[in-house]
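Participant: Please build the complex by placing chains B and C on the supplied structure of chain A, with the hints as guidance.
Read top to bottom, the protein sequences are chains A, B and C.
In this text, residue positions in the first sequence follow the numbering used here: the first is 1, and each later residue adds one.
In this text, residue positions in the second sequence follow the numbering used here: the first is 1, and each later residue adds one.
In this text, residue positions in the third sequence follow the numbering used here: the first is 1, and each later residue adds one.
FYI, nobody ran anything at the bench for these hints, they're computed from the structure.
As a list, the in silico SDA-like pairs of lysine to any residue whose alpha-carbon atoms are at most 20 Å apart:
1) Lys94/B - Asn45/B
2) Lys92/B - Ile26/A
3) Lys165/B - Met1/B
4) Lys18/A - Asn54/B
5) Lys187/C - Asn169/C
6) Lys10/C - Lys57/C
7) Lys193/C - Asp192/B
8) Lys18/A - Asn45/B
9) Lys12/A - Asp221/B
10) Lys18/A - Asn213/B
11) Lys92/B - Asp28/A
12) Lys41/A - Cys68/B
13) Lys10/C - Gly166/C
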Amino acid sequence: MDFFGLFKRQPKSGAIAKNRLQLVLIQDRMNTTPELLEMLKSDILKVLANYVEIDEDSLDIDINGSEGPALVANIPIKSWKTR
Amino acid sequence: MGEVIVVTSGKGGVGKTTTSANIGCGLAIAGKNVVLIDADIGLRNLDVVMGLENRIVYDLVDVVEGKCRLKQALIKDKRYPTMFLLAAAQTKDKSAVSPEQMMKLCETLREEYDYIIIDCPAGIEQGFKNAIAGADRAVVVATPEVSSVRDADRIVGLLEASEIKNIRLILNRLRPDMIRRGEMMTIEDVTDILAIDVLGLVPDDESIVVSTNKGEPAVADNNSRAGQAFRNITQRIMGNEVPFMDLEETGGLMNWLKKIFRIGNGK
Amino acid sequence: MQKNNSVIFKGGKDGIIIILAEDANFNDISESLREKIRSSSKFFADASTTISFKGKKLAEKEVLSLIEIINEETNLSISFIEDLTGDTDAEKEKKQDERKPLGSFASIPTDGAYFHRSGLRNGQAISHNGSVVILGDINAGAEVVAAGNVVVFGAVRGLIHAGASGDNNAFVCALSMQPIQLRIADKITYFPKDMLKENKNKIDPVYAFVKGEEIYISPITN
Chain A
1 MDFFGLFKRQ PKSGAIAKNR LQLVLIQDRM NTTPELLEML KSDILKVLAN YVEIDEDSLD
61 IDINGSEGPA LVANIPIKSW KTR
Chain B
1 MGEVIVVTSG KGGVGKTTTS ANIGCGLAIA GKNVVLIDAD IGLRNLDVVM GLENRIVYDL
61 VDVVEGKCRL KQALIKDKRY PTMFLLAAAQ TKDKSAVSPE QMMKLCETLR EEYDYIIIDC
121 PAGIEQGFKN AIAGADRAVV VATPEVSSVR DADRIVGLLE ASEIKNIRLI LNRLRPDMIR
181 RGEMMTIEDV TDILAIDVLG LVPDDESIVV STNKGEPAVA DNNSRAGQAF RNITQRIMGN
241 EVPFMDLEET GGLMNWLKKI FRIGNGK
Chain C
1 MQKNNSVIFK GGKDGIIIIL AEDANFNDIS ESLREKIRSS SKFFADASTT ISFKGKKLAE
61 KEVLSLIEII NEETNLSISF IEDLTGDTDA EKEKKQDERK PLGSFASIPT DGAYFHRSGL
121 RNGQAISHNG SVVILGDINA GAEVVAAGNV VVFGAVRGLI HAGASGDNNA FVCALSMQPI
181 QLRIADKITY FPKDMLKENK NKIDPVYAFV KGEEIYISPI TN
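Chain A extracted, bound-state conformation (with noise of 0.2 Å):
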């Protein structure tokens, strides 16, 4: 039986930095710039202008992940638009 392990560990150094490495190395590669971001905000804007008003002022998105790279966007709806 694992009895130290019943104890919760901080996990050692080496193991923190492969992690850290790991999200380092996705985010160089996928090679995000500011411009990307603004383009991605903008293509989702006009796909979302068909089924939403959008308070675009309060608009949020962005690349986040303390558990893998995210996109996390937080979209205040203003109202729905009937078909």
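Facilitator: Below, chains B and C alone, put in the same frame as chain A:
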């Protein structure tokens, strides 16, 4: 008015980035307002050593090209609220930044911050010229090895030629056991050749590897001997005289045994 | 072409020798001098030296006008002008012998020597058409190339080439000799690594000179 310090070495891999990060953090812990700038062109390192690699949105080239405001590019470190990082660009274009642009940037930063630490890339090319352009003083990092000292000598010559008057040495990765055995150059060997004052002596220490793994500079770790060396260096930069620490290791089983039986110089 | 050989430069132990072709006319000589100086200006930059004229006999006015050309075209600081023109070979030899006894330290020429008031770092180099005195260390990666002698008040850890224009009588002396490479005229030598390690940081004044085909090192003691 702030002070711009460039951390340089000539040779790569001797500890410039680690030194920049630790000095920057050390000064921030002491309450100073600090900006760290990664002056490399194309390769990014300072952000990783600081553990801020996932916070970068804008970088040095974005600032210089006016794509963003300076404040937008300065990354705030939650652990050290008075410290900010300006990351390197991943561009391959050597002419993306000019010495004049660096000088202007430093002038702007001097007005608001106490210390601006510039992490210089290896070599003596455009990156180096950019990094020293706005500097008031220089810290040269070297290890006690032939190629490192040769490159450091070259760098000191170039710094003196650019009229940077305050040039001091940090000797890194010292191993007193090897020095005692005559397998490593002594501190005097190095200072005889470089002929500049010593700002700090940093022992070779595992805790540096661990701290880089975690993205937490050793200067904040009270158990780290290298961290202690950097804390001392921070004090000296602020003008306080601190005696150089005893580099001999005081821990370890052998030393403890020696102490018990009073053999040798177990401390 | 006649013009090109009207003037020939030679570097001597303590100065520049300008040899004027016997059968050239003065105009050719003037022009040739100007052209040659212009094309090798970095050899003549900022130095202090003696000038000796040999070959075709010139009137004093003509010698002066050649000096003018040198002043106009270079930053040379001329410390001594010698007119050896028109002398027969025997007369020339005699004059030269009287002026510079060989192989004795009493003859370290201070006229025409270049004093460098600090050491040299990796990447720095001095090239001088005369003797050089360095007040400091010459670090590894630094170079001194001199037509004359090289005297170093410090440690030599870099490269020294004395008698660079072919003078086998040139010497090198230093407070500590640990050079990467030592050359006198066309002779070359380097020091074995263990000898370098032993000599580290010891002050051990020596001088190096050519004897036959080898470079010898001898301590400077009484």
